[in-house]
Amino acid sequence: MLVFLTTDDLRDDVLWLRLREAAPADPVKRYVPAYKFDICLLDGTKVGVCDLRIGHTMGLFFGGNIGYGIDAPYRGHRYAARACKLLFRLAAKHDMGYVYITCNPANTASSRTCLLAGCQHVCTVPLPEDTDLYQRGDREVMIYRKAL
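Numbering (this note's numbering), first residue to last: 116 to 263.
Hint data in this document are derived by calculation from the structure and do not stem from the laboratory.
Fair warning: this is a prediction, and the values are worked out from it, not measured in the lab.
Don't take every hint at face value.
What the hints assert, rightly or not - What follows is a set of in silico ranges between Cβ atoms, one per label pair, in the way DEER data are often shown: (1) D245 - K161: 31 to 41 Å; (2) Y146 - G252: 16 to 26 Å; (3) K200 - A137: 19 to 29 Å.
What the hints assert, rightly or not - Restricting the straight-line Cα-Cα distance to at most 30 Å, the calculated cross-link-like pairs of lysine-lysine (DSS-like) are: (4) K200 - K151; (5) K200 - K144; (6) K208 - K144; (7) K151 - K208; (8) K161 - K200; (9) K161 - K151; (10) K161 - K208.
For every residue, glycine included, the Cβ atom is placed at its ideal position computed from N, Cα and C.
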């Protein structure tokens, strides 16, 4: 069973990650334990959200260990890449060794975020029909990897 760690140190000189939820695994849905955060400027202004899913499964190969979204008024400041770098620290504390971040090939902003965060593009692959992403309408995914 996963022990959730303290997240008070997930900050840099521009933003910090405010823990919203430490979600336990849900074996029925095949979900691994996850941390869910608000991405905040140092003054507390919420600019987006991110999460870190702990573990390595086939579902996470396609869906990624890290997800993020920046609210429209705050885009273009590289906040998502900064948040990813903070999440890398937490993933390393869980001895994950590496994380995957994935995105739709049409999402050039997310692809750029992966590169800015220091990830390497591994491949672009078709999605299996039984994945949530496929069910949402996506047909392929770009997979990025970051060694920790």
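Here is what the structure says about each hint:
Hint check: D245 to K161, Cβ distance near 34 Å, so the stated range 31 to 41 Å holds. Evaluation of the 16 to 26 Å hint for Y146 and G252 yields a pass: the beta carbon distance comes to about 21 Å. The hint said 19 to 29 Å for the Cβ distance between K200 and A137, and at roughly 20 Å that hint holds. For the suggested pair K200 and K151, the alpha carbons sit about 15 Å apart, so the restraint of at most 30 Å is met.
Taken as a hint, the K200 and K144 pair is honoured in the structure, with Cα atoms around 28 Å apart against an allowance of 30 Å. Restraint check: the Cα-Cα separation between K208 and K144 comes to about 25 Å, which is no more than 30 Å; the hinted pair holds. Taking the CA atoms of K151 and K208, the gap is about 16 Å. The hint holds against a cut of 30 Å. The straight-line distance between the Cα atoms of K161 and K200 is roughly 18 Å, inside the 30 Å bound, and the hint therefore holds.
Restraint check for K161 and K151: the C-alpha separation of about 13 Å stays at or below 30 Å, so the hint holds. About 25 Å separates the Cα atoms of K161 and K208, which keeps this hinted pair within 30 Å; it holds.
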